[in-house]
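Residue-level listing of the chains:
Number of protein chains: 8
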Amino acid sequence: MSKTVKPIVGIVMGSKSDLPTMNEAGAILDSFGVPYEIRVSSAHRSPDKTTQYASGAKKKGLQVIIAGAGGAAHLAGAIASQTVLPVIAVPLKSPLNGLDSFYATFQMPSGVPVATMGIGKSGAKNAAFLALQILGTRYPAIQKKLMQHKKKQAV
Amino acid sequence: MSKTVKPIVGIVMGSKSDLPTMNEAGAILDSFGVPYEIRVSSAHRSPDKTTQYASGAKKKGLQVIIAGAGGAAHLAGAIASQTVLPVIAVPLKSPLNGLDSFYATFQMPSGVPVATMGIGKSGAKNAAFLALQILGTRYPAIQKKLMQHKKKQAV
Amino acid sequence: MSKTVKPIVGIVMGSKSDLPTMNEAGAILDSFGVPYEIRVSSAHRSPDKTTQYASGAKKKGLQVIIAGAGGAAHLAGAIASQTVLPVIAVPLKSPLNGLDSFYATFQMPSGVPVATMGIGKSGAKNAAFLALQILGTRYPAIQKKLMQHKKKQAV
Amino acid sequence: MSKTVKPIVGIVMGSKSDLPTMNEAGAILDSFGVPYEIRVSSAHRSPDKTTQYASGAKKKGLQVIIAGAGGAAHLAGAIASQTVLPVIAVPLKSPLNGLDSFYATFQMPSGVPVATMGIGKSGAKNAAFLALQILGTRYPAIQKKLMQHKKKQAV
Amino acid sequence: MSKTVKPIVGIVMGSKSDLPTMNEAGAILDSFGVPYEIRVSSAHRSPDKTTQYASGAKKKGLQVIIAGAGGAAHLAGAIASQTVLPVIAVPLKSPLNGLDSFYATFQMPSGVPVATMGIGKSGAKNAAFLALQILGTRYPAIQKKLMQHKKKQAV
Amino acid sequence: MSKTVKPIVGIVMGSKSDLPTMNEAGAILDSFGVPYEIRVSSAHRSPDKTTQYASGAKKKGLQVIIAGAGGAAHLAGAIASQTVLPVIAVPLKSPLNGLDSFYATFQMPSGVPVATMGIGKSGAKNAAFLALQILGTRYPAIQKKLMQHKKKQAV
Amino acid sequence: MSKTVKPIVGIVMGSKSDLPTMNEAGAILDSFGVPYEIRVSSAHRSPDKTTQYASGAKKKGLQVIIAGAGGAAHLAGAIASQTVLPVIAVPLKSPLNGLDSFYATFQMPSGVPVATMGIGKSGAKNAAFLALQILGTRYPAIQKKLMQHKKKQAV
Amino acid sequence: MSKTVKPIVGIVMGSKSDLPTMNEAGAILDSFGVPYEIRVSSAHRSPDKTTQYASGAKKKGLQVIIAGAGGAAHLAGAIASQTVLPVIAVPLKSPLNGLDSFYATFQMPSGVPVATMGIGKSGAKNAAFLALQILGTRYPAIQKKLMQHKKKQAV
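Residue numbers (this note's numbering), protein chains in the order written: chain P, 342 to 496; chain S, 342 to 496; chain C, 342 to 496; chain L, 342 to 496; chain E, 342 to 496; chain F, 342 to 496; chain R, 342 to 496; chain B, 342 to 496.
Just so you know, not all the hints are guaranteed correct.
Claimed, not checked - Here are the simulated DSS-like pairs of lysine-lysine, each with C-alpha atoms no more than 25 Å apart in a straight line:
#, chain 1, residue 1, chain 2, residue 2
1, B, K357, B, K401
2, P, K491, B, K399
3, R, K399, F, K491
To be verified - Residues from chain S that keep clear of chain P, each with C-beta distances beyond 10 Å, as calculated:
#, residue
4, R380
5, K485
6, K486
7, L487
It is worth saying that the hints were derived from the structure and are not from the lab. These numbers come from a predicted model, not from an experiment. Glycine included, every Cβ here is placed at the ideal spot set by N, Cα and C.
Required output: the full structure, derived from the provided sequences and hints.
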């Protein structure tokens, strides 16, 4: 992980147990050489820490935030309520197959968008790809790598 | 509305447009003579105001909080994350029939419960009744009135 | 379990097989030193026993009742129909992932509220926490412990 | 309505507002000359009345009971818990399109069956037809009329 | 199994692989001494056999038919279209958790009722109990045994 | 309508009230000059008529059958059970938004396929287009017209 | 596999991992002696290859296309957008039980039909049977074999 | 509309009838002074036009694409398959309440993300806000306006 460089993507999750899923996002950012940081901060159990993280994200240099949570999954929304950075949500698996997680995520009120991905690991990977696409609009090198990857993944 | 007395129940909702629904809860508290206050505070558009309201609720004398929200309905959870008072959630109607509101509400993580009611006006009424039942465990007069009401409502 | 003291919380379930789930609620009440009792009484197979338990609950000193049931889960509603004590429902897992259990639980008619928790063990834990929050409005010691627990659980 | 004769079918519903739907069942029984009675008795608001009705149904000569209820629809199950007469359930329409009514009805525990029909008026009609089919196993005249009706309804 | 006596209940299923589930119904009928027969006949793969079975059921002495099927579960409806005997449906488990099975079963058109039970083995058992309740309206001995069983099953 | 010519497509529906929807299919066949016939035949209320129609369809020159039905929608499956002609199903709208119609239709057992379209009028139109595509594999003129239509519909 | 002969059915899937499921379709075509080809081509990862395959399908002699995909399953629709050959869709299993796969498949706009089968292996088999039925309208030998198979499969 | 300036956001929809909904996105971009263009291009009826639009989007200066579609909603995915620009999806209302649109949209395969918004007009508005947030990571003036808007919208 490119952790010595100042991170430009923040990956947040509600519980340590979400790490195996959310690390999928990190691995893809790594492969693109994009520095990121990983935080565990629950919207419901650590609301103030979450608020501080989200409201301070822009100032510390983050450009995109990825948030993974399950059940009554409020983490992405809680972060989006505190920042104007793009927030990407990964609804995590749950006893209800992630149904509750995505219902809790995607129907956000006007003015507080959350970019909802698919459920679980596949969604975590795509959160990283969307983050790269967003960064790519600004950094031609990232966009170029994305184009190379797009060609390579064709089956 | 018994607003001159210090309120012991707080009714919060995410938008002014939720007032007709949430007033159903107020009307029932009124009929039991229980003082309450009504606030509009969105978890996503006014997160700090919501946080302050929730974290200051106990100190100002509230004993129960009723929260109504729709869609990616985080209001009750956001309040519950800041207080140890019982929080009662009313999932409000939405283009998805309130199903999203409900899923966004009831699957809370351990330690941060939210007492979920039915969807819409009927749920708002029951939020008031549950608040009264909670207060009734402490105030015999309320519990007595509830017992009288129970008899009267039999069909 | 603090069973020598007079219980103030009743934990009821429809079948002995629900014990492993509902014991999660008991364990949390234990850790807060709150006396409780556990009963198996099916709304459908032992309706009279259930009715008697619910209608006599207040008199014997119970202040909150927790009810766990699955499928066409009527236990919480059946109890709520007989008492003005707050009734907390835990929809239990089922072949339909608990979908039937919570649909059967949360859409109660006005005047007979049931505080619906999440599905399964996590819901059982939260039922205990909500019971503690309700008791906490009356017993400052419990409320204080809840505040300590809230701080400790932050991640 | 053949009300002067002793009724052999009981039609019960949770609320007066269910009458227009449940009368569809009555109209069909009328057209077959089967005497029935109609009662309003809510499982949640009049649990004791419901219990008495169900437990006394066989003694007073009822042979089948039809129960219509919506939302957390417990009426049919509550009646089935008190009698060994066949109980036919009509899940009534609700803000959730009757889906909650249906889920609350059909997943009954072993030993307490409820014969679930379709949702709303069409279900109410079929509840009457099933009642007639049940009576028809005993009364050849009813079975004969059913066969005539079956031929007539062919399109 | 009381197979030497003339059966009065028919248990039909769409595939041999449904036998372990549907045998639960048979076991209960056995324990009540009610003679029955078991047939495998798919509504879709053996439509004519199914039609003949259903249309000849009454004549051969059957009084109730239990039908178990999964997926686009048409067996109970296909049988009900050919007879005025009460038809009890058991929606069987499927890759969609039985969701397709019961949607395909319970919303029958007026005049062709199907008594829908819960999903899988538990539903199969209740199909037998409902069959017994139906027979019990005619045979006091069965009704009496049902009352004894009801008492015994109380928990 | 090209009704003087021998029809090669059969459009069947369970009830006269389905005509406005299913006529959408006819209108498209008309515009392609494909002769068809329309029949009302319920799988549940006219099972024998349905069986005869399906089993005789090939002999009378039909090459494709379109079947529209709602609720516990068995019509397409019932027809498919009696013929090796391709059967196209249109799940019709219902109180459950056509979801029940759809679930009752598409999960057919191996060997008895039903080509399921979308719900309601849009599905009826596409049933006609699929019928034309099927006929187009044999009749170049129809296939050619379909290619022209495809170009014209581009937006 | 009859691969030396010019294929008349194309089986396409979005990923190599879908082969075990889609081979079920191939096995049935094999048993009927119908030549086919198998391709892996993702609508999202290889859109141009998919477009070329679909738009060239008719010219190379294909008469029916079977497409299997899961999740946001666009493969069948993408192919249907480029050809007037009949396209049969197999919604594949997914973490959401295939729910997303079939919702993404069956509600196609007018003029671009997709013949939706059941989920997974059973759907793959039926896709082959529907392809055979379509071919059977043109090739009497195939239709005859289908009739023989229909008789054999009766249970 | 700032249409004289070179657009940096593309708003695409599958049908002209989607304009009233998608114009909500345009109105918000207008109020932020962000130039955009609006196109109607169906993934299923105009696949080549859609492909060309998507594959040429970056070259012509677009930085973000918003795509609205309903039913088997493939537009966003079809575009995402052809570009490395961020693609924001608005699932549009449908007879199934937009649920089908949503399921068809959000479960994209790894490497081809689609940023899914809520259903209908509210989702269209949020698509514009997310586009602005993405642009804001590059253009400080937009980000500053977003922060002002965030403060203003607090209730």
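Hint check results:
About 23 Å separates the Cα atoms of B/K357 and B/K401, which keeps this hinted pair within 25 Å; it holds. This hinted pair checks out: P/K491 and B/K399 have alpha carbons roughly 14 Å apart, not beyond 25 Å. Annotation: proposed proximity of R/K399 to F/K491 holds, straight-line Cα distance about 14 Å (limit 25 Å). Interface exclusion of S/R380 from chain P stands, the closest Cβ pair being 17 Å apart, more than 10 Å.
Distance to chain P confirms S/K485 as a non-interface residue, since its nearest Cβ pair spans about 36 Å, more than 10 Å. With 10 Å as the threshold on Cβ separation, the claim that S/K486 sits away from chain P holds: the shortest Cβ distance comes to roughly 33 Å. Listed as outside the interface, S/L487 is consistent with that label: its C-beta sits roughly 29 Å from the nearest C-beta of chain P, beyond the 10 Å cut-off.
In terms of the numbered hints stated before, the structure departs from none.
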